[in-house]
Structure formats: C-alpha cells, structure tokens
Amino acid sequence: MTTTSDQAGLAQPRRQVQTQVLWKRVLKRPEAGALGGAILVFIFFWVIAPPFRQFAAFTTVLYQAATIGIPAVAVALLMIGGEFDLSAGVAVTTSSLAASMFATQVAGSLWAGVVFAMFFSLGIGALNGLLLIRTKLHSFLVTLGTFLMLQGLNIAITKLITGNVATGDISGMAGFNTLQAIFASNFMIGGAQISIAIVYWLIFVALATWVLLRTKIGNWIFAVGGQGDSARAVGVPVNRVKIGLFMLVGFSCWFLAMHLLFAYDTVQSGAGIGNELLYIAASVVGGCLLTGGYGSAVGSALGAFIFGMTTEGVIYADWDPDWFQFFVGAMLLLATVVNTWIRMRATKGK
Amino acid sequence: MKYLNGSIGAAVAAGAVLACSAALVAGQARAEDQQMTVAMITHAQPGDTFWDIIRKGAEAAAKKDNIKLIYLADPTATKEAQLISNVVQQHVDGIALTLAFPDAEAPAVKAAQKAGIPIVGFNAGVGQWKSQELLGYAGQDETVAGKAVGEELNKEGAKNVVCLDQQQGAVQLEARCNGIKDTFKGKMEVLYVTGYDMPTVKARVQAKLQEDPSIDYVVTLGAPFAPVVLDAITASSSKAKVGTFDMSPVAIDLISKGKIQWAVDQQPYVEGYEAVDMLWLYVTNGDTVGGGGPVLTGPFFVTKDNAAAVAKYARAGTR
Chain A
1 MTTTSDQAGL AQPRRQVQTQ VLWKRVLKRP EAGALGGAIL VFIFFWVIAP PFRQFAAFTT
61 VLYQAATIGI PAVAVALLMI GGEFDLSAGV AVTTSSLAAS MFATQVAGSL WAGVVFAMFF
121 SLGIGALNGL LLIRTKLHSF LVTLGTFLML QGLNIAITKL ITGNVATGDI SGMAGFNTLQ
181 AIFASNFMIG GAQISIAIVY WLIFVALATW VLLRTKIGNW IFAVGGQGDS ARAVGVPVNR
241 VKIGLFMLVG FSCWFLAMHL LFAYDTVQSG AGIGNELLYI AASVVGGCLL TGGYGSAVGS
301 ALGAFIFGMT TEGVIYADWD PDWFQFFVGA MLLLATVVNT WIRMRATKGK
Chain B
1 MKYLNGSIGA AVAAGAVLAC SAALVAGQAR AEDQQMTVAM ITHAQPGDTF WDIIRKGAEA
61 AAKKDNIKLI YLADPTATKE AQLISNVVQQ HVDGIALTLA FPDAEAPAVK AAQKAGIPIV
121 GFNAGVGQWK SQELLGYAGQ DETVAGKAVG EELNKEGAKN VVCLDQQQGA VQLEARCNGI
181 KDTFKGKMEV LYVTGYDMPT VKARVQAKLQ EDPSIDYVVT LGAPFAPVVL DAITASSSKA
241 KVGTFDMSPV AIDLISKGKI QWAVDQQPYV EGYEAVDMLW LYVTNGDTVG GGGPVLTGPF
301 FVTKDNAAAV AKYARAGTR
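Just so you know, the sequences run in chain order A and B.
Residues in the first sequence are numbered consecutively from 1, following the working numbering.
Residues in the second sequence are numbered consecutively from 1, following the working numbering.
None of these hints come from the bench; they were simulated from the model.
Note that beta-carbon positions come from the ideal geometry of N, C-alpha and C, so glycine has one too.
Mixed in with the good hints, there may be bad ones.
[As the list claims (entries may be wrong)] List of simulated lysine to any residue pairs, SDA-like, C-alpha gap at most 20 Å:
(1) K56/B with G163/A
(2) K159/A with L72/B
(3) K114/B with H91/B
(4) K159/A with E59/B
(5) K239/B with G258/B
[Unchecked claim] Using C-beta positions, here's what the derived DEER-type ranges look like:
(6) E133/B with I48/A: 25 to 35 Å
(7) V234/A with T76/B: 45 to 55 Å
(8) F176/A with S85/B: 26 to 36 Å
(9) T76/B with I39/A: 51 to 61 Å
(10) G157/B with M344/A: 55 to 65 Å
(11) N154/B with F187/A: 51 to 61 Å
One chain only, chain A, in its complex shape (with noise of 0.2 Å):
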C-alpha cells in the first residue's frame, strides 16, 4: 500500500466499505451467482415439473446433492488453496472397500474397518500432498496419476482379498445398526424420507465457512492458493496448509464412503469413476476460480444443488430419456452462465 492511499484512505476513513449497501455487498460474495442460477433453475423446473413441487422432491434432489456436496465442500477449500484433486472420487470407493475388507477379512468389526478406513483416506490424502510438495509436479498431474494408481487397486486388492469384484454383505455384522444410524439412518419429515447424509452436508458446509472466513486458517487457505510466494514470505506454512487440505478431502471422502457403505451394504469396486469432475464442476458452479484464491464453501453446496436439481429434474419433467446427458449438460451450462454474468454485474464499477 502506498503513502498516498494510505493518506487518501486516512481522509475519508473507510467511507466507501460503510456506505455500500447491503444487496451489493451480498451480490459481490463468490457465491451470489450460483445463487442466482440455483434460483432460476429451482424456478424453471417449478413452472414445467409438477412433480417436482412436492416436499419429497425436493429431499430426493438434496440427497443427490449432498452425496456430491460433501467431498465438493472439501474440494472447493483445496480449490481456494489453489490445488486440484481428480483422485477424490474413486478414493471415496476405495474407502469404502478398505472399511468393508478390514472389518470382514481382517479385524472382524465393523468398528475397527470404518476406523482403519478413516487413517487409510487421511493417508491418501497426505500422500498426494507430499508427492505435490516433493515432486513439484501440477497437482493435475500428481492426482491423476493416484486417481488411477487407487481404480486399479480398487479391483486388483478387492479380487486379491475376496475372490469377487464385489465386497460382501456387512449387514449381519455386530454394530451395523448403530453405525447405519450415525452415517445412513433416514427420519421422517412431512412424509418425505430425509437422509441424514443432507445434515451432515449442512453441517459441513458451515464449518467450512466458519474456517474460511473467520479463523487464521482461512485466510492461510486464500493466502497459499492466491499468491504462494508472498504466502511464503509472509510466513505462512504453505506446505502445511496443502497437505492439510488434500487430507481434509481425505477425510470428505472417507465420510462419503461410510454413509454409502452403510447406505447400500456392498460395494462395487469399479464405482466413484467420474465423481471427481463432478466435485470440482460443483465448486467451480459455486464460484471458486480455476487458478485459486477465490471461492466459498457454501457456493460448493450451491453448485452441487444445482447438479442436484438438474439431474433430478429432467426425470420429473419426463424429458426423453435418451436426451438425458444433453439435457443435464445445458442446464448445467445455463447456470454457469447466469452465474458469471451475475458476478460481472455485481463486480463491475465497485
């Protein structure tokens, strides 16, 4: 900061932040175009889905955006922290696996299996960290290649250890009714099924945006994925910071991988292929930038509910199925779009 702002700003002290009303401090957050577009897109499928007016629609699309939103939420921090991460979707199967295999084949409880699992994505994530640090590589590169390091394992250790491609059935196993209850059970509201995976979403976005905008941490976040070096120079621990984030998307993982072990008892080894794209489109819907040190966790949650509605609401809408990509694809689009022109307004002449 110069002398003269310095004096310029001693002048009229803080003047322009007070006087800024609260519609355009709202609309220059990151996620005030994925707000918008969630809108439209809530308000289009309203006018041309029936169906989709029920209570239990809209249950049924927050659970398919919060099996999306919870690693997204994750991924959006290490995105702000300037980092990718394409191994995010196949790790949440291989979480899963490593809970199912540990507890049948190994230690015989199901406890130990969800804990083992745990360590295990926490693991992966700080190996992917330390391999971006020592290596130096793009973390494009360095994610990739565990993304499909993990697919193989996936299958190869899952036919090693159980002679299938599949994990058996864990739901005769002691414990299974109370850990279905922490990570799977569902409760009753209105006469909608809620999944509890949808509060545990919530939740999670709320810390993160708690971290992010009120602790040291958070500014670390945006520091390290804004401008590494200053970051550096300022003191901030830049590795630190990274290794903590790929492991926070460990931990995303891992807890997706329980609720889905819980949910639907066995687990295909080939599953989680693709998920990745969605976790990062989610954040980046949501407005975190491609290049770092700009986003939000809640517009991570936005960009998944907007994935969510779209998937959901061309089936309500009873579009030919045979266009059903196509139709996912444009939406998802649209929104984009009305999203960033929103963010060009609210920004332009601040």
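Starting from the known structure of chain A, arrange chain B on it as the hints suggest.
Just chain B, lined up with the frame of chain A:
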C-alpha cells in the same frame, strides 16, 4: 591389440547371449505348441460382479483344456475394437469376444479372420454373430429373455413398468427393454442411470417414482441395482415391485425373502466356459457347436421357489 581383443571378447559374449536367447525363444515356441492361447475380449465395466463370473467360467474351461487365457475388457466401442487388433498382433490361437458394438468391432473381426484366427461370440451380439461369420455363439438371446419378462409381467398384472438401463447405448441392454416392450401389454418406459454410482441410481429412481406414482413394477438390467431400487421404493412410498435381469448373492437373498419377485439368470459362468471350450473343440477337432444357431444359456427364472438351490453357487461367486 588390446582393442581387438576387447572387441573379439565382446563379439563372443554377444554371440553367446544370442545363442542363449535363441534357445529360450525356441523353448517358448515349443511350449506354445502344446498350450493354446485364447484371448477373451469383453465390454465389461471394470469391477462388475457379472463379468467376474463370466471370467471365472472362462478360467475354468481354460484350466480344463490346458489353455492360456488372456482376458481383456473395455466398455467403450473403439477401445474394445482396438483390443481385438492387439491380440491379433499377439498371434493368439483363438478369440472369444462380445459383439456389444458390432459395427465398431467389424473391421477388427475381419482382420482377425483374415489372419486365420477362429472367433466365437458370447454374451452380446446374438443378432450379429452370424453375419460377421463367427464360428458360434454362447449366450442368452436378450430379445427372447426380454419377451419372457414381458409375459411374466402380464401374468402378474403389471400396468406401468420402468426398465432401468445402466449403460446407455449397449445393444444387449436395449434388446432386453425392447423385448419387454414387444410382449408387455401395459406402458413401459426406460430410465437410464450411469453405472454403479448408487446414490445417483437411488435418487433418479426415486424421482421417477415421484414423477409417476402409478408405476407398479421396476425391472433392473443388473442385479446390484435391485436392492437400491427397493430403497428408492421405500423412500418414495411407492407400491412398485422389483424384478431383475442377472443375479447377485444379495438379490437372491432378497428373492427368498420375497422382496424381489424374480431374477432372470443368463448363467454367465456357462457363457464364459462355453466360449472358451468351443474354441478348444474347433482348434483341436474342427468341431462347431450349436448347429448353426446360438447356444442358449438362458433365460432361467430364479424365484422364491428355487432361490435356495441357486444361492449356494451365487455366494461362491460362480452364479
């Protein structure tokens, strides 16, 4: 002189290495004379239980017939075709393949035939194996199976059916849905999902059931989807019943509990086994099997009555 010595030494050494490797190659060639090499190429998605059973059947036949089996798979049309070209270059003694993408695979199949490699089809391509001049075909006629399902649905009095397809564009899955449409008297719609992403499958089926509450039957084209559909039915408080193509231990368990009505078994183990065995018969004795028609391995309906008998093998991962 020193140099010369050195180079002579090197030449001698190189000669010895060459001789050795020549001997090795010759040894290998002799071993290959006794043992046939067969390539099995499928359009399997990686990590799919069904295909694993096919592979186990193929491995069982290979072991019995003293065959070296190369198993390769890719779910996309162009890559499956490339795999065929790949094994032709390896000069295998026979190829067993799924004609899931007949047009894309046709040039590679022709090239293999030109190279004198016998080919049999299995699992997918019951309508195309003859026109592509394969030696034989082992599998279920998916249209026949679909029609059988349509009749079953009529018998049970279903009115509004969803056919859940997990791989849009795969001909054998389309054939199943079309077969149902042929014989089923009520309304049938196809719902596409993308592979094994179970929460997505659940949410989409749930959405479909909420969109049209009059749906009274869901037919899944793969057994791992049936339990998920049951969940979706509970979540959307629908009254729909569930039947499935193919099998899994969980599905059989649910059949014996009466939660899933039936499973259409095409006996994948037999498909894999027969495909390899047919090649062995042809190469060792010039035989062909089927008398110009396909060797049908299904449809076999697993219901509450016979579930227990089948469950034993399903748990072992061979049915």
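Here is what the structure says about each hint:
1. Taking the CA atoms of K56/B and G163/A, the gap is near 10 Å; set against the 20 Å cutoff, the hint holds.
2. Of the supplied pair hints, the one linking K159/A and L72/B holds, its CA atoms being roughly 16 Å apart against a limit of 20 Å.
3. Taking the CA atoms of K114/B and H91/B, the gap is about 12 Å. The hint holds against a cut of 20 Å.
4. Proposed proximity of K159/A and E59/B is supported: the alpha carbons are some 15 Å apart, at most 20 Å.
5. Of the pairs offered as hints, the one joining K239/B and G258/B holds, with about 14 Å between alpha carbons and a cut-off of 20 Å not exceeded.
6. Between E133/B and I48/A the beta carbons are some 50 Å apart, a value that contradicts the proposed interval 25 to 35 Å.
7. At about 49 Å, the CB distance of V234/A to T76/B agrees with the hint of 45 to 55 Å.
8. Distance hint for F176/A and S85/B: a CB-CB separation of about 48 Å, inconsistent with the stated range 26 to 36 Å.
9. At roughly 38 Å, the beta carbons of T76/B and I39/A sit outside the given window of 51 to 61 Å.
10. Evaluation of the 55 to 65 Å hint for G157/B and M344/A yields a pass: the beta carbon distance comes to about 58 Å.
11. At about 39 Å, the CB distance of N154/B to F187/A disagrees with the hint of 51 to 61 Å.
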